[in-house]
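K.L.:
Once you've looked at the hints, dock chain X with the ligand against the given chain B.
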Amino acid sequence: MKLSLTRACCRSYTFPIFRKPSSVLPRAIFHQSLSSSSSSSLKPKTPLFLRPPKHSATFSDLKKWHDWANTLAYEVGSSFADSDNGPDSSILCRELKWLLEDSLEDNSLIPHLGIENNPNSVKLRIALDELYGLWKERIEKRKPFQYLVGCEHWRDLVLCVEEGVFIPRPETELIVDLVNEVVRDNEQLRNGIWVDLGTGSGAIAVGIGRILGSKGKVIAVDLNPLAATVAAFNAHRYGLQDVIEIQQGSWFETLKGFEGKLSGVLSNPPYIPSDDICGLQSEVGKHEPILALDGGLDGMDDLLHLCNGAASMLKPGGFFTFETNGEKQCKFLVDYLENDCSGSFCNVSIVSDFAGIQRFVTGFRRAL
Amino acid sequence: MALVAQFLLNFAKFGRSVSHHNNRSSLFFSCNYSNNNSCSWSKKNFVELTDEELIRQCEMGTFKASGPGGQHRNKRESAVRLKHIPTGIIAQAVEDRSQHKNRASALARLRTLLALKVRNNVNLDTYSPPPELLQILPPKSTIRSSDVGPQIGPNNPKFILGMQALLDLIFAVEGSVSEAAKLLGLSTGALSRLILSDDSLRMVVNELRTSKGIKPLK
Ligand SMILES: C[S@@+](CC[C@H](N)C(=O)[O-])C[C@H]1O[C@@H](n2cnc3c(N)ncnc32)[C@H](O)[C@@H]1O
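Listed in order, the protein sequences are those of chains B and X.
Here the working numbering = 1-based position in the first sequence + 3.
Here the working numbering = 1-based position in the second sequence + 1122.
Hints are computed from structural coordinates only; laboratory data are not their basis.
Where a beta carbon is used, it is the ideal one built from N, C-alpha and C, also for glycine.
Hints should not be assumed to be uniformly reliable.
What the hints assert, rightly or not - Example chain X residues on the side facing chain B (calculated, C-beta under 10 Å, incomplete):
1) Q1179
2) M1182
3) G1192
4) R1195
5) K1197
6) E1217
7) R1219
8) S1220
9) N1224
10) A1226
11) P1252
12) P1253
13) E1254
To be verified - The list that follows gives simulated cross-link-like pairs (lysine-lysine, DSSO-like), each with its CA atoms no further than 30 Å apart:
14) B/K318 <-> B/K334
15) X/K1340 <-> B/K331
16) B/K334 <-> X/K1205
17) X/K1205 <-> B/K100
This is chain B alone, in the form it adopts within the complex (with noise of 0.2 Å):
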């Protein structure tokens, strides 16, 4: 495979690139993250769950921090949920339950809690005080619960993510059963190449890096330099390293080279329409990325952008599937993909959530 080395590139060398080179991929794109990996001073945070467990409280200090956290939950009311469809008292208690058994070295002995006067004490992940400090943070910031435990339970995976990476959200682990339902009578798509872009945390990248065949390789891009960093050591914590390259750079850019040859193309762009950034509920607009959120002026320019990608980069027979807003961008990303993209694709179709929203677009690319 020989692969030109374009301007259209060159983002990458300002950031650093985590990957382990692989047999797949075009040498050219070797020398780029191997060039750029040197500076690489992004290291991610390791979640609460994982941090060995060198703090230790007795039963009834950890009991009085979760009287008092629970109090504050309850407080909440449906406040925030008037306010900006936040979370209401209940979900904020189940959070809390989670945080906790994050928390604890040994879960058995949750119940325990509900002793006065316990003086035995427990092993923690983190020190009594911070788990103050992070509830606080919680309900006074509404910084969202998957940053302060530091992961997100996704399919049967659990990711870790932190400020400044996309929490992913359940209704994309469907893109996971689409894919399976393509390549589970495909040996071809299964062994293929796939890219999952704008791959945050690495949720769909590490998803589908299980199911493919054993030839099967991901590539997951992503701009943000930290998103790359997080979506490498999920992969790795799931053994997929051999099995996904991540990349960083801009949706197609470092794809030159595989025209005609992706098995299939995946993606939750950013696609929420700029003036619905405002509103959103706190959680996710005043501490996730805006990069990952903000879809332009109707919320379609990156979706727009990834259709004629596809186009090009597909080959024959390969499989698309896109998250959308809703109703009104599947539909308009349909009629755009079956009269405006010159017949490239066939089977388009939109998906519903679990909500029952129509949430995906997926097709093929026509065979020639």
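P.N.:
Leaving out everything else, chain X with the ligand in the frame of chain B:
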């Protein structure tokens, strides 16, 4: 493409707790449905279906689809509600940390509910207990030969198949534990202990006994 796509279900843990069901009484099923899909359904006991087959018979939804969802939302509200179309039984799960696991727990619960609520007819004159039922009986049962293997308890996912067969029998004898025990080669006490070992099993048997004017087991 269907709303309920193919699922890679990963049963981390078999959910024992049983969620609500709008119709408390049991459903009796004989083998013919007027529905188009009837052939695939009628051949097999629901509980014996694979995850995939079972999910195809379900409608999936969440409790409320409030707001636009997706990137807009961070609510950790990954509830799943499965409605089994042939029976109308609803199973839901909400407490797991991922949508995917909730789906797996909802499906596990649906299986339990199907075993508890859907009754198959039993012919008492020619009754011989199916292997799934023999497996959950204590070894001292006189009709249980040694090749049945060790007794399967409520924590084993296979338990529900045996539980279903046991309930089919108990319904056929109209709640009489002593009569069922006779057919299973057990003392009444031993069968009562088995029934009491699982909360949902106990509940269903006692509901039946109460409805027949028999004292509930304790
Ligand atoms: C909504 S997030 C999705 C992240 C992840 N795929 C997921 O589903 O959880 C969108 C991602 O696209 C990335 N992104 C935004 N603009 C990009 C661009 N021009 N090229 C590549 N990635 C971009 C953001 O950094 C963000 O990680």
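K.L.:
A separate judgement is required for each hint: does it hold in the structure or not?
P.N.:
Status of each hint after checking the structure:
no.	hint	result
1	Q1179	violated, 17 Å
2	M1182	holds, 6 Å
3	G1192	holds, 5 Å
4	R1195	holds, 7 Å
5	K1197	holds, 6 Å
6	E1217	holds, 7 Å
7	R1219	holds, 3 Å
8	S1220	holds, 4 Å
9	N1224	holds, 9 Å
10	A1226	holds, 8 Å
11	P1252	violated, 33 Å
12	P1253	violated, 31 Å
13	E1254	violated, 28 Å
14	B/K318 <-> B/K334	holds, 24 Å
15	X/K1340 <-> B/K331	violated, 58 Å
16	B/K334 <-> X/K1205	holds, 28 Å
17	X/K1205 <-> B/K100	holds, 28 Å
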